[in-house]
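Colleague: All chains should be modelled from the sequences, with the hints used to inform the complete structure.
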Amino acid sequence: MTKKSISYKGKRISVVEVQGAKQLFLDSEHIPVKVRGRSGPYWSRHLPYVEFPTLEQLGRAIVDYRALDEKKKTERKTR
Amino acid sequence: MGIRQNQKTLSPAMRSRFVNALKRMKTDGVYDVYVRWHVEAMGDMGPNSPNFAHQGPVFLPWHRQFLILFEEDLQKADRANGADGSITLPYWDWTVDQSPDPAENPLWADDLLGPTGDPNQGFRVTSGPFATDTTQGHENWVLHVHDPMDDQPVDFLQRGFGSDPQVDNLPTADDVRNALQVPVYDSSPWNTRVVGTKSFRNLLEGWVTIKPTGREPGLHNRVHVWIGGSMLPMSSPNDPIFFLNHCNVDRIWAAWQTAHQQADQYPPTQGAPEGHNRGDLMQPFDGRADARPGGTTLPKVTPADLLDLTKLGYSYDTLAF
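Protein chains in written order, with our numbering: chain A, 1 to 79; chain B, 1001 to 1321.
One should not assume that every hint holds.
30 Å max Cα-Cα, derived DSSO-like pairs, lysine-lysine [unchecked claim]:
no.	chain 1	residue 1	chain 2	residue 2
1	B	1211	A	34
2	B	1026	B	1300
3	B	1198	A	34
4	A	22	A	9
5	A	34	A	11
To spell it out: a stretch of chain B is covered by chain A in this simulated footprint if at least three of its residues, at any positions, have a beta carbon under 8 Å from a beta carbon of chain A; those stretches are [unchecked claim]:
no.	stretch
6	1217-1228
7	1257-1268
Partial list, computed: chain B residues near chain A (C-beta under 7 Å) [what the hints assert, rightly or not]:
no.	residue
8	1122
9	1123
10	1193
11	1234
These are calculated hints, taken from the structure and not from any lab test.
All C-beta atoms in this analysis are idealised placements derived from N, C-alpha and C, irrespective of residue type, glycine included.
Modeller: Next up, the structure:
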């Protein structure tokens, strides 16, 4: 098993490879993905209208999408 | 059903009727059923689970049927609002009307779809008829249907026009013309991998483009990403612009059908993913119980049933690009 992680906007994006199969995690959340070819591009139902060359880029895009409303969520929680 | 027209040719009265019909559908619980159907059609993420509406040849007929039912409900809502039910779905020709500014592009004015969202408020849409209000007694356009995998969904409409740096512009007329020149509807393996020269459908859906002018994501997918916000996830019909985008996509397909009448209009008879073959029933349009208020059963519809536009009861004001 190999694991490569980066930090991005407060999240840890991890790509774990087990016996040639790659999996994407945002912190501890597993993000199910489909791969078009042997090594990409990658697709997730979280962002169903676009594919990404790498799992790391897909992970960054999901973090970006969720960040769209993070400020508003925080405001609502603190009211 | 009538003639579908460009949104920019709608009179002020027709703009008002269209908006009021959408809001009636939302209040009556009809609108959200369409969002749910779209989410469910995406399938799950199992290794053998097909996408029942996307990423294959059924993409165009599935959405054609989706729009036909939606337009019927829009007309019912128009009648319930006291009008004569003669309204039709308008389309947004995003190859022409590309400005995000409501002053230049009245599509985004407060009497039709409303503007982009406020980046300082989580890209929330803050004006226009679809600005969400969750205040008790004043509820307006509250989003109820979300991707089941999103454990923290927001309940308000979001838009971020061109905010993705990779997709800061819309498809052009040249992009559409290039697709219209491809003489093959689709090819094996009937998925997102088919090269553009062998699949008009894959070009129009937007998984591939024709180089060197192509920009991915292309056409339909590019519009979803350019709008951003609520148009990004599987619950994209939460934003009414979904229907004006898909009306234009259906119009492009109609233009291709007119230009390539001698071509096989829908090749896969077998071997495509479940639900994507010419004679397959399309989910949920397979005779199952109708989840809409007052609904009984949904019609049984195959892609083959949707290939002859003259039998479907609607047309477009123009198929020119």
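Colleague: Are the Cα positions of residue 22 of chain A and residue 9 of chain A separated by 30 Å at most?
Modeller: 22 Å, holds
Colleague: Regarding the hint that residue 1123 of chain B lies at the interface with chain A, is the smallest CB-CB distance below 7 Å?
Modeller: At 5 Å from the nearest chain A Cβ, residue 1123 of chain B passes the 7 Å test, so the hint holds.
Colleague: Does residue 34 of chain A lie within 30 Å of residue 1211 of chain B when you go C-alpha to C-alpha?
Modeller: Between residue 1211 of chain B and residue 34 of chain A the Cα gap is close to 25 Å, so the pair holds against 30 Å.
Colleague: Tell me if the straight-line CA distance from residue 1026 of chain B to residue 1300 of chain B falls inside 30 Å.
Modeller: Judged against 30 Å, a Cα distance of about 25 Å means the pair holds.
Colleague: Using C-beta distances, would you say chain A covers the stretch 1217-1228 of chain B, given that this needs three or more residues below 8 Å?
Modeller: Answer holds; 6 residues pass the 8 Å Cβ test.
Colleague: Verify the proposed pairing of residue 34 of chain A with residue 11 of chain A, using a straight-line Cα cut of 30 Å.
Modeller: 22 Å, holds
Colleague: Going by Cβ atoms only, is residue 1193 of chain B closer than 7 Å to chain A?
Modeller: Holds - the Cβ of residue 1193 of chain B comes within 7 Å of chain A, reaching about 6 Å at its closest.
Colleague: Should the hint that residue 1234 of chain B touches chain A count as held when the rule is a Cβ pair under 7 Å?
Modeller: 5 Å, holds
Colleague: What's the verdict on residue 1198 of chain B and residue 34 of chain A, does the C-alpha distance respect the 30 Å limit or exceed it?
Modeller: Distance of about 23 Å is within 30 Å: holds.
Colleague: Would the hint on residue 1122 of chain B stand, with a C-beta cut-off of 7 Å toward chain A?
Modeller: Cβ of residue 1122 of chain B sits 4 Å from chain A, so the hint holds.
Colleague: Check, residue by residue, whether the stretch 1257-1268 of chain B contains three or more positions whose beta-carbon lies closer than 8 Å to a beta-carbon of chain A, and give the verdict.
Modeller: Violated: only 0 residues of the stretch 1257-1268 of chain B have a Cβ under 8 Å from chain A.
Hint 7 alone, counting from the list given before, is not met by this structure.
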